[in-house]
Amino acid sequence: MAEEPLISLRGITKLFGTGPAAFQALKGVDLDIMRGDFVAVMGPSGSGKSTTMNILGCLDVPTSGTFLFKGHHVETLDRDQRSLLRRRYLGFVFQGFNLLARTTALENVELPLIYRGTPKQERHELAMAALGKVGLAEWADHTPGELSGGQQQRVAIARALVTTPDVLLADEPTGNLDTERSIEIMELLTGLNRDSGITVLLVTHEAEMAAFARTVVHFRDGLVESIEQKPLAGGAAK
Amino acid sequence: MFGITLILAIREIQRHLLRSFLTTLGIVIGVAAVITMVTLGNGATAAVKKQISSLGSNILMVRPGQRMGPGSGGESPPPFKNADLDAIREQIAGARSVAGQAQAQATGVRNAQNWSTSINGTTNDYLDAQTWPLASGRRFTAAEEQAGKSVCIIGNTIVTNLFQGVDPVGQRFRIGDVSCTVIGVLSTRGQGGFGNDQDDVVIMPLKVVQRRFTGNRDLRSIMVAVDEAYDTKVVQQSLSGLMRERRNLTGAMPDNFNIFDTRQISDAVSGSTKVLTGLLGAVAAVSLIVGGIGIMNIMLVSVTERTREIGIRLAIGALANEVLLQFLVEAVVLSSLGGIIGVLLALVATASLAPVMGVEFLFDPFINLVAFGFSALIGVVFGYFPARRAAALNPIDALRHE
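Protein sequences, first through last, are from chains A and B.
Per the numbering used here, the first sequence runs over residues 1 to 238.
Per the numbering used here, the second sequence runs over residues 1001 to 1402.
Certain hints may be false.
One side of the interface only, derived from the structure: several residues of chain B facing chain A at Cβ under 10 Å [as the list claims (entries may be wrong)]: (1) L1008; (2) N1394; (3) I1396; (4) D1397.
Hint data in this document are derived by calculation from the structure and do not stem from the laboratory.
Cβ coordinates follow ideal geometry from the N, Cα and C atoms, glycine included.
One chain only, chain A, in its complex shape (with noise of 0.2 Å):
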């Protein structure tokens, strides 16, 4: 092994209430994330793709199992520790996009610089730099009630990466999106990879957007069932 993994879970369960009607999503998930991957999880529903991304989004924490980030213990972090990781290291788009309401895109992007302490002035430059990108520059002064599906996801992913994240997380990014939209979504993504670097964890359940991954991981009952690696150069074809 030439490399150590960015991120690396061993024996990840995952339990759901108590007693009889307790359920186990995870049932011992082993995965290693190698910097600078473009990994899709991928499976059906109930599979337990979107357990394991809250949990490698520190959203929810494990059952049991070891969960390292940069050689470092995120199971035994309390919840300030793992709210600060989320700060530094990681950025999130979701399904639902999760954009404050009535807040224009220009302030939904500054939030994570506002938590970080970033001085104002720079957090304007960050953050239109950020809506420049993601190619909403013009739109920076509007509500999420006065964009499209794919105009707020793009505000979401210009919020995940202005904070220049190791890892982005992408629960099902281009679930309420069209094709088109969805395509766009994922060509900024692999971009941003590709580009800048970072980290792309994506859930979907469509091959389509899988494609555009390096790294495929197949989820089935709560466990790791396959990963497909693709060549260096391949996948992310326009």
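We have chain A already, so just place chain B on it with the hints.
Positioned in the frame of chain A, the structure of chain B alone reads:
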């Protein structure tokens, strides 16, 4: 961290003006209602007290007869005589002035005007006892009192009804069968403690009233003004002892006179207005609680709505404490804003209602503080605790919250 949170809180308030307005409205109404009711209640109490105090303080009224109870309907008790006045003056320490009174009702006539009024036959001591200055003219001379000269000092209501546009001093008018010369006009006193017109009076020397109106030498009552330096109760006791002695009452024989302390009325009336203010306060407290429940509801609903917002903030790296502080700042800002508007609204309402209702406007800092503090507390508590619950969720659960 605090500066950031303040920016975020103020942004959220601006973005959700309707929600902010409704939250604030609950507090505004609660605060304004309580302050207005209590302030007007206090004003009414003060107004009643003022009217009561117009009766004159530290005055003992001595009247023949028992005040009430068995025997009061029996043979009529002996009246007081002029000699009783001298005895009180000589033997009671602390009697500042002692005025005998004989009263009659009569119609005053001047030119084509007539006016039915009451005549108070007394001496200058009465004006002293009541500390009632004259607006114009002069008091009785010793000679007028001694001789029972037909002169009178009239109240303002008589001036209005019989002497329109004329200076009454020096004028003559007829009252009953007697023609009298006006020598003085009393200063205006207005309404008394029982709604009676204190200015509707003609004061004449005691002897004139006894001779020409009542036809006897009896005194209807004796008014004793007690010197400030003396305890009214002690004076009342020694006065009672003196009267029993002079009226030959021994041992267990009941009093055939009564002594009435004007302070008793004042105590009774202010007691009942206190009850009234208490009642108003209770109503106000209920409206404060209702207002509080309103605030609580809006806060709870908005936090439920905002659970997803909390999830978003947590997901992009906010600490739970930062989110909480933001909600706390929002709640404090809205609650204090509502409190301030409520206090101002109450100020306007009480200042403009008080004259209409005929009560005094009394600013009461205590109730303002209490009302403000209570609503602010409710706003903060119910803004903070539901938010705390939401911030304790896993970010993913908060995000999925519907």
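Verification of the hints:
{"no.": "1", "hint": "L1008", "verdict": "7 Å, holds"}
{"no.": "2", "hint": "N1394", "verdict": "5 Å, holds"}
{"no.": "3", "hint": "I1396", "verdict": "4 Å, holds"}
{"no.": "4", "hint": "D1397", "verdict": "8 Å, holds"}
Checked against the numbered hints given earlier, this structure breaks none of them.
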